[in-house]
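Mind docking chain B on chain A? Use the hints.
2 protein chains.
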Amino acid sequence: MKYALTAALLAATSTIAFAQEEVDAPSYRPVPAENLVIMTLESGEVVFELNDDFAPGHVEQFSGLVSDGTYDGEAFYRVIDGFVAQGGLADDRVEAYPTLTNENDRAMSEEGFTPLGNADLFAPEVGHMGGFPVGRNAEADLEWLLHCPGALAMARGNDPDSGSTEFYVVLDAQRYLDRNLTVFGRVLSGMEHIQALHRGDPAIAGGVIQEPEVGDTIVSVQMASDIPEEERPNWEVMITGSEAFEAFKTSKRVRNEEFFYRHPPEILDICSHAVPAREVE
Amino acid sequence: MKYALTAALLAATSTIAFAQEEVDAPSYRPVPAENLVIMTLESGEVVFELNDDFAPGHVEQFSGLVSDGTYDGEAFYRVIDGFVAQGGLADDRVEAYPTLTNENDRAMSEEGFTPLGNADLFAPEVGHMGGFPVGRNAEADLEWLLHCPGALAMARGNDPDSGSTEFYVVLDAQRYLDRNLTVFGRVLSGMEHIQALHRGDPAIAGGVIQEPEVGDTIVSVQMASDIPEEERPNWEVMITGSEAFEAFKTSKRVRNEEFFYRHPPEILDICSHAVPAREVE
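First to last, the protein sequences are chains A and B.
To convert, note that position 119 of the first sequence is 119 in my numbering; the numbers rise steadily by one, no gaps.
To convert, note that position 137 of the second sequence is 137 in my numbering; the numbers rise steadily by one, no gaps.
For reference, chain A alone in the conformation it holds in the complex (with noise of 0.2 Å):
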């Protein structure tokens, strides 16, 4: 019983493996090692890949911090459930750093987007660039990563240009977000290890945890790029230009497996379904 109520379940599962017909064209792509980002949390690895093709200067300044151990035995500060998990510096010491200019949209790109294929709510057209999730306005000329779970993004102050330091991962979608802070990275694996760490209270100084010893510790942030090459991990995350992911998004839209016995409507939320990574030898 157990396992007729799994499987069927599990027919299901946004992370199943799906049937992929067999292509000649690659499926995945290496994530460079320059963009590759290891963070140990006290209860596992988190994973990450950098967009420094929307968000040059960002990703920049955060790999440097990185690589200098800004981050290491600091702090997800600020965790508050189903909005996002802050970490960083949370002191007066963020004030060393220089700010950044925001790069939360840019002028659209002639290629490599590939369109979800249905309507958004929140945006005139949304799809896929490089493995992330993008929204366009085709009217103003205009794209933008999305603030869709797993997003990695840059606080602020009120000044669109007063990022500097401190970021935050996305739990549940905050699409309202979009183009107003800028995403510069992605969670590729160990979105559990995010979503296990200790919420604050939003009531009390917005959501700040108030006990020190309550706030998860970031152990440790390596860039990969930085790990000797034979003892770097490697990532790869599928193409999504490819034909795997448009076989990917058709195993999500289209639910023929009998457990469905009402046809749901083919949609595709574009936050729904992160894009597939793995780890490779």
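Incorrect hints may appear among the rest.
Unchecked claim - Below, simulated SDA-like cross-link-like pairs (lysine to any residue); rule was C-alpha separation at most 20 Å, straight line:
{"hint": "1", "chain 1": "A", "residue 1": "249", "chain 2": "A", "residue 2": "278"}
{"hint": "2", "chain 1": "B", "residue 1": "249", "chain 2": "A", "residue 2": "203"}
{"hint": "3", "chain 1": "A", "residue 1": "252", "chain 2": "B", "residue 2": "203"}
{"hint": "4", "chain 1": "B", "residue 1": "252", "chain 2": "B", "residue 2": "114"}
{"hint": "5", "chain 1": "A", "residue 1": "252", "chain 2": "B", "residue 2": "201"}
{"hint": "6", "chain 1": "B", "residue 1": "252", "chain 2": "A", "residue 2": "121"}
{"hint": "7", "chain 1": "A", "residue 1": "249", "chain 2": "B", "residue 2": "203"}
{"hint": "8", "chain 1": "B", "residue 1": "249", "chain 2": "B", "residue 2": "118"}
Said to hold, decoys possible - Chain B regions said to be covered by chain A (calculated; three or more residues, Cβ under 8 Å):
{"hint": "9", "segment": "148-161"}
{"hint": "10", "segment": "191-202"}
{"hint": "11", "segment": "254-261"}
It is worth saying that the hints were derived from the structure and are not from the lab.
Because the structure is a prediction, the values reported are computed rather than measured.
We treat Cβ as the ideally placed atom computed from N, Cα and C, and that holds for glycine.
This is chain B only, laid out in the frame that chain A set:
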């Protein structure tokens, strides 16, 4: 600097108190003790409200199992990040319990529905009834509870009427499960303890956790109605037909805070903002 940053990003939180105009009508209703469930996990308490209006058969069976202590000492044995946390008996004992006729939709009610006020990707119309997110199809004369984060629903085999004891809590929204499985409650508080559960590997046995010591124990589950009145917790939920709830939705839809130097689209996702609930004396 800390508070500049945190207060600023706070403007965007989904749980911050909102500017509520004084209203004469009540804004909150008490949760009946018969529908209030207190689940103690190893990391803390999760509070649920059951929905005996949409799913009376499921609520009757589930609350009976809770009262009998059936789930005490069992586990969330199948937890897939971003999908669901499934708990219950996980073995042949399930077969001893009666299967339930699905209650995954019903004819539309004449009263009690409060429209969200904008379009939805998955349903012709969405809104709230009695504090729960609801989808509607007027043409088909149907309404149903939604698989938003925190929804409590019953797992089943391929037969739509095969659920009995194995329940799941939705992590990220899973709207394609709507009308295929029966939602019969929702989390009012403590979602962070569900999110803190260990994850299984979806590639192995459908995400069933393979090392029993890693499965997170359900220490106890109690119906509030089984606790002496002077000891039982009391919870209230915002009345979704109230002016307070309209003000709450407006506060999430219209972002006039200085922090939002770009005005986000005035759109709500039905799954993005849980109806407020609070514990009272």
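Taking the hints in turn, this is what the structure says about them:
At roughly 17 Å between alpha-carbon atoms, residue 249 (chain A) and residue 278 (chain A) fall within 20 Å of each other, so this suggested pair holds. Taking the CA atoms of residue 249 (chain B) and residue 203 (chain A), the gap is about 18 Å. The hint holds against a cut of 20 Å. Annotation: proposed proximity of residue 252 (chain A) to residue 203 (chain B) holds, straight-line Cα distance about 16 Å (limit 20 Å). Restraint check: the Cα-Cα separation between residue 252 (chain B) and residue 114 (chain B) comes to about 16 Å, which is no more than 20 Å; the hinted pair holds.
About 19 Å separates the Cα atoms of residue 252 (chain A) and residue 201 (chain B), which keeps this hinted pair within 20 Å; it holds. Of the pairs offered as hints, the one joining residue 252 (chain B) and residue 121 (chain A) holds, with about 15 Å between alpha carbons and a cut-off of 20 Å not exceeded. At most 20 Å may separate the alpha-carbon atoms for a hinted pair to count; residue 249 (chain A) and residue 203 (chain B) meet this at roughly 18 Å. Straight-line distance between C-alpha atoms of residue 249 (chain B) and residue 118 (chain B) comes to about 11 Å, which keeps the hinted pair within the 20 Å bound.
Requiring three or more residues with a Cβ within less than 8 Å of a Cβ of chain A, the coverage given for the segment 148-161 of chain B holds, as 6 such residues are present. Restraint check on the segment 191-202 of chain B versus chain A: 7 residues with Cβ-Cβ distances below 8 Å, three needed, restraint holds. Using a Cβ-Cβ cut-off of 8 Å, 5 residues of the segment 254-261 of chain B lie near chain A, which meets the minimum of three, so the contact claim holds.
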